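**Student:** If you want the building blocks of each chain, they are given just below.
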Amino acid sequence: MRPFDPRLLRHARAGRAHLGTTVGIGIAQAGLVLAQAALLATMISAAFLDDRGLAALAGPLGLLVLVVAARAGLAFATEWAAQRTSAAVKKELRQLLLHHVVRLGPRWLSGERSGELATLASRGVDALDGYFARYLPQLVLAGLIPLAVAGTLLAADQTSALVVILTVPLIPAFMVLVGVVSRRRMDRQWTTLQALAHHFLDILSGLGTLKAFGRSRAQVTMIRKLADQQRRASLSTLRLAFLSSFVLELLATLSVAMVAVGVGLRLVDGQLDLRTALLVLIVAPEAYLPLRQAAAHYHASVEGLAAAGQVFDVLEQDAAGVGQGTTDRRRSDHAGGPAADPRSALIRLDDVTVLGSDRAHPLLDRLSLEFTPGQVTGLVAPSGAGKSTVLGLLLGFVTPDSGRVLVNGHDLADLDLDAWRARVGWLPQDPVLFAGTVADNIRLRHPQVDDSTVAAIARAAAVDVPLTLELGERGYGVSAGQRRRIALARALLSDAPLLLLDEPTEGVDPETEAALLATFPRLLVGRTVVLVTHRPGLLRLCQHVVRLDHVGVAA
Amino acid sequence: MIDTKDLWWLLRAARPEVVRLLGAAVLGSAALGCAIGLVATAAWLVSRAAEQPPVLALAIACVRVFGVGRGVLRYCERLVSHDAAFRVMARTRVAVYEDLERAAPAGLGRLRGGDLLARVVSDVDAVQDLLVRSLLPVAVALITGGASVLLIGVLLPAAGVVVLIGLLVAGLVAPAAVLAAAGRADRSLAPARGALSETVVELLNGVADLTAHRATGRWLDRLDRQDRELTALAQRAATGTGIAAAVSTAALGLTMLGELLVGIPAVQSGRISGVVLAVLVLTPLAAFELTAPLPLAAQHLSRGMRAVGRLRALADLPRPATPGGHLPVPFGSLSLEVRGLTARWPGAAAPALHDLDLTLTPGRRIAVVGESGAGKSTLVTALLGFLAPESGQIRLVGSGGFGVDLADLEDGARRQAIAACTQDAHLFDSTIRHNLLLARPDATESELAEALQKARMWRWVGRLPSRLDTPVGERGVRLSGGERQRLALARALLADPAVLLLDEPTAHVDEATADALMRDLLVATQGRTTLLVTHRLAGLGVVDEIIVLAGGRVIQRGAPTELIHTDGPYRRMWLRSAAKDNVRADAPTMQISSALLTRHSPLATPEL
Numbered sequence: 006m007r008p009f010d011p012r013l014l015r016h017a018r019a020g021r022a023h024l025g026t027t028v029g030i031g032i033a034q035a036g037l038v039l040a041q042a043a044l045l046a047t048m049i050s051a052a053f054l055d056d057r058g059l060a061a062l063a064g065p066l067g068l069l070v071l072v073v074a075a076r077a078g079l080a081f082a083t084e085w086a087a088q089r090t091s092a093a094v095k096k097e098l099r100q101l102l103l104h105h106v107v108r109l110g111p112r113w114l115s116g117e118r119s120g121e122l123a124t125l126a127s128r129g130v131d132a133l134d135g136y137f138a139r140y141l142p143q144l145v146l147a148g149l150i151p152l153a154v155a156g157t158l159l160a161a162d163q164t165s166a167l168v169v170i171l172t173v174p175l176i177p178a179f180m181v182l183v184g185v186v187s188r189r190r191m192d193r194q195w196t197t198l199q200a201l202a203h204h205f206l207d208i209l210s211g212l213g214t215l216k217a218f219g220r221s222r223a224q225v226t227m228i229r230k231l232a233d234q235q236r237r238a239s240l241s242t243l244r245l246a247f248l249s250s251f252v253l254e255l256l257a258t259l260s261v262a263m264v265a266v267g268v269g270l271r272l273v274d275g276q277l278d279l280r281t282a283l284l285v286l287i288v289a290p291e292a293y294l295p296l297r298q299a300a301a302h303y304h305a306s307v308e309g310l311a312a313a314g315q316v317f318d319v320l321e322q323d324a325a326g327v328g329q330g331t332t333d334r335r336r337s338d339h340a341g342g343p344a345a346d347p348r349s350a351l352i353r354l355d356d357v358t359v360l361g362s363d364r365a366h367p368l369l370d371r372l373s374l375e376f377t378p379g380q381v382t383g384l385v386a387p388s389g390a391g392k393s394t395v396l397g398l399l400l401g402f403v404t405p406d407s408g409r410v411l412v413n414g415h416d417l418a419d420l421d422l423d424a425w426r427a428r429v430g431w432l433p434q435d436p437v438l439f440a441g442t443v444a445d446n447i448r449l450r451h452p453q454v455d456d457s458t459v460a461a462i463a464r465a466a467a468v469d470v471p472l473t474l475e476l477g478e479r480g481y482g483v484s485a486g487q488r489r490r491i492a493l494a495r496a497l498l499s500d501a502p503l504l505l506l507d508e509p510t511e512g513v514d515p516e517t518e519a520a521l522l523a524t525f526p527r528l529l530v531g532r533t534v535v536l537v538t539h540r541p542g543l544l545r546l547c548q549h550v551v552r553l554d555h556v557g558v559a560a
Numbered sequence: 105m106i107d108t109k110d111l112w113w114l115l116r117a118a119r120p121e122v123v124r125l126l127g128a129a130v131l132g133s134a135a136l137g138c139a140i141g142l143v144a145t146a147a148w149l150v151s152r153a154a155e156q157p158p159v160l161a162l163a164i165a166c167v168r169v170f171g172v173g174r175g176v177l178r179y180c181e182r183l184v185s186h187d188a189a190f191r192v193m194a195r196t197r198v199a200v201y202e203d204l205e206r207a208a209p210a211g212l213g214r215l216r217g218g219d220l221l222a223r224v225v226s227d228v229d230a231v232q233d234l235l236v237r238s239l240l241p242v243a244v245a246l247i248t249g250g251a252s253v254l255l256i257g258v259l260l261p262a263a264g265v266v267v268l269i270g271l272l273v274a275g276l277v278a279p280a281a282v283l284a285a286a287g288r289a290d291r292s293l294a295p296a297r298g299a300l301s302e303t304v305v306e307l308l309n310g311v312a313d314l315t316a317h318r319a320t321g322r323w324l325d326r327l328d329r330q331d332r333e334l335t336a337l338a339q340r341a342a343t344g345t346g347i348a349a350a351v352s353t354a355a356l357g358l359t360m361l362g363e364l365l366v367g368i369p370a371v372q373s374g375r376i377s378g379v380v381l382a383v384l385v386l387t388p389l390a391a392f393e394l395t396a397p398l399p400l401a402a403q404h405l406s407r408g409m410r411a412v413g414r415l416r417a418l419a420d421l422p423r424p425a426t427p428g429g430h431l432p433v434p435f436g437s438l439s440l441e442v443r444g445l446t447a448r449w450p451g452a453a454a455p456a457l458h459d460l461d462l463t464l465t466p467g468r469r470i471a472v473v474g475e476s477g478a479g480k481s482t483l484v485t486a487l488l489g490f491l492a493p494e495s496g497q498i499r500l501v502g503s504g505g506f507g508v509d510l511a512d513l514e515d516g517a518r519r520q521a522i523a524a525c526t527q528d529a530h531l532f533d534s535t536i537r538h539n540l541l542l543a544r545p546d547a548t549e550s551e552l553a554e555a556l557q558k559a560r561m562w563r564w565v566g567r568l569p570s571r572l573d574t575p576v577g578e579r580g581v582r583l584s585g586g587e588r589q590r591l592a593l594a595r596a597l598l599a600d601p602a603v604l605l606l607d608e609p610t611a612h613v614d615e616a617t618a619d620a621l622m623r624d625l626l627v628a629t630q631g632r633t634t635l636l637v638t639h640r641l642a643g644l645g646v647v648d649e650i651i652v653l654a655g656g657r658v659i660q661r662g663a664p665t666e667l668i669h670t671d672g673p674y675r676r677m678w679l680r681s682a683a684k685d686n687v688r689a690d691a692p693t694m695q696i697s698s699a700l701l702t703r704h705s706p707l708a709t710p711e712l
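Quick mapping for you: the protein sequence lines, in order, are chains A and B.
First residue of the first sequence? That's 6 in this note's numbering, and the numbers climb one at a time after it.
First residue of the second sequence? That's 105 in this note's numbering, and the numbers climb one at a time after it.
Keep in mind the hints are simulated off the structure, nothing from the lab.
One or more hints might be untrue.
[Stated by the list, open to error] Coverage of chain A stretches by chain B, computed from C-beta distances (three or more under 8 Å per stretch; other residues unrestricted):
id: 1; stretch: 166-180
id: 2; stretch: 200-210
[Said to hold, decoys possible] Pairwise CB distance ranges, derived in the manner of DEER restraints:
id: 3; chain 1: A; residue 1: LEU522; chain 2: B; residue 2: ALA663; range: 36 to 44 Å
id: 4; chain 1: A; residue 1: VAL28; chain 2: B; residue 2: PRO157; range: 41 to 49 Å
id: 5; chain 1: A; residue 1: ASN413; chain 2: B; residue 2: ARG291; range: 43 to 51 Å
id: 6; chain 1: B; residue 1: HIS639; chain 2: A; residue 2: ARG527; range: 52 to 60 Å
id: 7; chain 1: B; residue 1: PRO158; chain 2: A; residue 2: LEU54; range: 49 to 57 Å
id: 8; chain 1: B; residue 1: VAL169; chain 2: A; residue 2: GLY156; range: 53 to 61 Å
All values reported here derive from a predicted model rather than from experimental measurement.
Every residue gets a Cβ at the ideal spot worked out from N, C-alpha and C, and that includes glycine.
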């Protein structure tokens, strides 16, 4: 793990400004550290050797008060700026990530990825606190203060300067060396540890089952054994992990001891005066302090950097080949082709092949289909035959791996997709509702639509829950069947000329289905409709029926 | 702030490792002592050297020893303390497991959810942090702080007082400020963070719907607003941590200033020699290091003690299970007799099951049906001995007519007599084989095969590359819903109990799978003493008796044919479900009449 990811500055503007501030504060800190050391050395030496009293030293004492106050102020500023920056950077990264993900589109964001990304956008990004608020300021100081100390020592006592100049670079070198040697072993141990912790959770989750088969008592020995294994595995990892801090502390204290002894001996020989000796003694440990602090916060920073790395990996995902982004680019190239009115437009899949996510077997294999304007086309297929893919193609969520989707002869990929979607109503197989009232969910696309219109469309879609019902997160609070009908109302409300309906009567009791069947002809008239279903009642509404057999071949 | 009971719990848990923990504290103090000693002796050495004395060998040796000692001692301290903490954690895990095991499954209540169990696991980990990162630094700080004050106090009492005050300010005020800031931030930030992550989840989950309805912009705007709010709150919280940092820095600086203020007059009046002045002023530079880990220690302390409180509470979970007795299983083929069974869940206001009678003779099958909440799962839980009856009896009767109450059965014998495939049957993150062997560790290969065969899973397993050694994934995630249920069924069949309980075996699977599963299940249990609990009525015609439960009471019972032909609750349930089935049943066999077939023939793709 690198201590610093340059992408962090490229992407997070707040981070850039912060690095400047931190360096500024660091330089001031270094100056104050030296000033404090000089004042202390002067005063001790004057009081000891020249027998000066408090009154005679009032000047330096006053200065020391100022230096202490300034150091406290800078400590506050460092912490405050770091926390604020960390908050700002987190916001910036989160926004970048989510905007980009939305641009990458639904197909890229399928399945488990959305869960992972949700964690990344919340807890993952939060881990940057450890990096910005703790590690980075110390890293900057670790770069500045040793330089300042070395400069001072060179002017005061070259021998001591030599000790510090030789040992300070040794510390990061040794730490990197220990890190490289132990990295692989630590990774492996880490995996073991994770597995053992997971195992404990697995046992706890299955307690009921273990008990039902009378095996739960026997697990106590197992748990003891696992915990013991975990202890031994951890300790052998830690023996290595602690080595790096051992090297650090040993070098830091040993070199201070060497400096002290050397200074003492030269003092006896009369080569040095007490003031200089004290200055060296006070200043030398300061060279190691920020390094030790940075090392202490290193682990907190790793997690944050890893999360940031994941964010950047997503941001660098080229939208090309994902579907949506390609069209975004082409749209700008073509200055946005006008979206055809689907009511009159002939929509055609022309020899379309879509490959599955493994890029090996096709979801659709050279499929050609035509949807006649103003008519209802039924799509019948066993599950997994690519019905949803066909709807995804028509929505522009899916781009063909070969072949084209044509609207009045224009490739859909060349059209302004957003404008095109304004004309497409969609009831997905697994519709998602959002927190808010049922009415809000129905007017998702047109928030300004009035209540009476919403009520009318809800009635037509056989929504039988109050429109003012407040739904919980992710539409919690209604059954799957009701969710479907609310989503149906949402699709119908748009008054879109092209309607894509995936099993609109799934999970509906017979009476409601009959009611829906009665209203459908009126609702669908004049629109181009693609109706995915296997219900005879709905198929009777279709002017055309297309059967897809496996792997999206029209039969 | 800290509950003394929690503290006792922690001390009891840590007692067996007390030698190691004390050793770690001593090593840690010695390590820090070396750092302080290094600065103090070095200051003395330099000052004394200014007087150009003939020998300084002792001081030089001390400086060198302190220089080496710190790193070595610190390394040892960290190993010893972590070893002790891991040992305490191992004990805690066992203790936690035992608490949960006694309560499981009926007494676990809300803990049954995966998130809460995961929290138990991380709470156990927090105990480790509590020891290593909180209690140990505090102990080290007390020891070394005391020693430093003593050392300086011996040289000049007033100087000792100054250091004491300085250390107290840095060691108490700064951690308190951090803790207060963290607490305030948690209170105000947590809701804001929750709202934000809710929007994130909605956006990511519903991105297809939102994109299609062109509403992503509104969600991103909301996100931006919430993020701005969160950022503002977080930035306000920065003041608290900033103050803590300033207090620590100022405390050290002012302590050194104070040492000069008391030390210089003392030198002038001759109370101390000038050599000591440097020791007084410079020692705090190292001594204040002991306060550095304290703010973090305070945070770990408050977090860790909350975890301890939750772990301690596990011991008070209800233990509703029937305690085990000492009797063996009666001889011969067993019948299950339930008389007047009333059962209540821990903490519930009313019993979930009232006065139920049931007789299951060898080879017979009884189905218990009813809506959810009718008391079906309560019955299964009671029959497994996980929920002791409030009144009534559950007896196993042998062929000689000799019966034993479930409560008097020895625990192992109870499992031999009654085994279940419950709706929440857990599949462990291991292989198919290991999951099966759980039911009977000594089962042979052919017995495994037979159980899988009965569950109609053998052929599927045979097609897998690693067969029985195929891993099933966490909670069986690599299997489909139907496969998971079949594996659980095979496991119950392998246990080969005298009485088999099947609790909603078709839960969590889709309709078509449920139909197939139910069919296979009824074949597999033919001739086996079985109690089948289900809300699906399809195919139940083959069982010997059906019991209809509602609100925890039996509202109807009898043979399937009899119930279907009597106007009553069962017939009404059956008609309702049959109507739904008809709508569905015609789907696979649907015919599209030629009149509906495409007038416009879609372009068929020639297959290559």
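**Student:** Determine for every hint whether it applies to the structure shown.
**Tutor:** To see whether the hints hold, each was checked on the structure:
With a cut-off of 8 Å between beta carbons, the stretch 166-180 of chain A has 0 residues touching chain B; three or more are needed, and the interface restraint is violated. Coverage of a stretch by a chain is defined here by at least three residues with a beta carbon nearer than 8 Å to that chain's beta carbons; for the stretch 200-210 of chain A and chain B the count is 9, and the condition holds. Restraint check, LEU522 (chain A) to ALA663 (chain B): a C-beta distance of roughly 39 Å satisfies the suggested window 36 to 44 Å. Restraint check, VAL28 (chain A) to PRO157 (chain B): a C-beta distance of roughly 46 Å satisfies the suggested window 41 to 49 Å.
Between ASN413 (chain A) and ARG291 (chain B) the CB atoms are about 59 Å apart, so this pair departs from the stated range of 43 to 51 Å. In this structure the supplied range 52 to 60 Å is violated for HIS639 (chain B) paired with ARG527 (chain A), their Cβ-Cβ distance being about 38 Å. Distance hint for PRO158 (chain B) and LEU54 (chain A): a CB-CB separation of about 19 Å, inconsistent with the stated range 49 to 57 Å. Take VAL169 (chain B) and GLY156 (chain A): their Cβ atoms lie about 31 Å apart, and the range 53 to 61 Å is violated.
In this structure, the hints that do not hold are numbers 1, 5, 6, 7, 8, in rising order.
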